[in-house]
Amino acid sequence: MKVQIDPVRCQGHGRCYDLAPGLFGDDDEGYGMVLGDGTVPPGKEHDARLAALNCPERAIELLEEV
Amino acid sequence: MTADDRFAEDFRQTPDDEPVGIRSPVITGPVTDWTTDFSHVEPEWAADPYPIQDDLRQRCPIAHTDRFGGAWLPTRYEDVSAIAYDTDHFSSRSIILSNFRPPRELAPIGGSPPISSDPPFHHHARKLLLPAFTKAAVAKQEAGTRRFCHSLIDALAGAHVVDAARDYAQHIPVRVIADLLGFPPDDGPQFREFVEDLLEGINLPPDERIARVSRLFDYLLAQVDDHLGNPREDLTSYLIDAELYGRKLDPSHVVGTMALLLIAGIDTTWSAIGASLWHLARTPGDRRRLVADPGLLLTAVEEFLRAYAPVTMARLVKDDMNWHGVDMKADDWVLLSFPAANRDPAQFDRAGEVIIDRQVNRHAAFGLGIHRCLGSHLARMELRVALQAWLERIPEFTLEDPSAVTWSTGQIRGPRTLPLHIH
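Sequence lines, in order, name chains B and X.
Numbering of the first sequence is given in this note's numbering, commencing with residue 1 and proceeding in unit increments.
Numbering of the second sequence is given in this note's numbering, commencing with residue 1001 and proceeding in unit increments.
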């Protein structure tokens, strides 16, 4: 699984880096950033889904690997 | 330092030939029909707006009133979010609904940038402020805020009945904002008057309202003067020195932004802390769960923000249009009720219930789109720390007299009198 943030939608609410600090961080203005290449380590899928489901702007996309 | 003469003359003097805005007649009194005559400043709404919003959402999802010169009230999440995102058709040049509409020429800057600004100016004015309000920046205030909360609780020692709104909740954001702006902490009682003047005085005669707003700007100009003579590490000095498009900010921008930070930072957080304590005082099950398991506070804070969202914003319609089935006219107000959106069953499971461990909570308490509350990270920190400190020190409390609780009137809703019995 990978996570992506749509920078056009993100407004810096920070729910992703509150809920999944291992997957997301913030920039100098508080906008969300994906850490590394966005690959979700095993066991962190729940955190990734929680971050996506709590983003008020629906800016987070989960790319499920088939 | 070279003299800064931007503030030497009163920028509030406007030439005679400038547009002056539109005044509407003041209409007060009981609401006859909430679908056609709503008013968010009548006592029935202040006491309990949620049944009214739930009813409107079902039978008239975009209500109207002729009061305030004409205004609309959408109550569905879908409509509230669509308007929040649609800066092409809705202007932010005034975000507090009143009987005075500022002239269109005030856009795109507005009186208190960036909340009153429209694109493209909005983006630049907001960018100046974002770094001061990141999660990391506000974390620096957490220890001081916690100490301050404990000192407020120390002062309650020995009392069996305390007013948690007046003696606790209100002081916390006042202190935090005074620190940020570099204002004397003892000026807190004045801040409360400014807040009431701006947010609760909307049906006062316009001249009285203007006189009250003037008092706030006199105060802010005095603070600017003090900072010009004695610059320091705070947001007032930062704004005085800040540059946009290669030059220093207009004096009206500096002072307008100071007004925004002062007003928006106080009433809102005070309301959120008070409403959360009100909920816990009347819901012993939730109170005991939180005391036993403080780890639940993170989801509980989000749920209190959803269910008791303190802030409703306003927009002005730019041009006549049919919007989602209603005929909106240019300069009609729209009340952007994030509280109503947050209780829409189409968006939230069990929307009318408070569930302190709700896992999925995509609420809009801090708004949606480009005007997302600048201070949201600060507000979340204050709310969490204030509740944590209270529950640690005062785990057992109930409402002393439910009928004695009073709520603010207008676009910011929270308890203003909250007598609690401490066990």
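Possibly wrong hints are sitting among the right ones.
What the hints assert, rightly or not - Straight-line Cα separation of at most 30 Å, DSSO-like style, residue types lysine-lysine; simulated pairs:
1. B:K2 with X:K1135
2. X:K1135 with B:K44
3. X:K1140 with X:K1248
4. X:K1248 with B:K44
5. X:K1248 with X:K1127
Derived from the structure by calculation, the hints contain no laboratory data.
Evaluation of the provided hints:
| no. | hint | verdict |
| --- | --- | --- |
| 1 | B:K2 with X:K1135 | holds (24 Å) |
| 2 | X:K1135 with B:K44 | holds (23 Å) |
| 3 | X:K1140 with X:K1248 | holds (28 Å) |
| 4 | X:K1248 with B:K44 | violated (47 Å) |
| 5 | X:K1248 with X:K1127 | holds (15 Å) |
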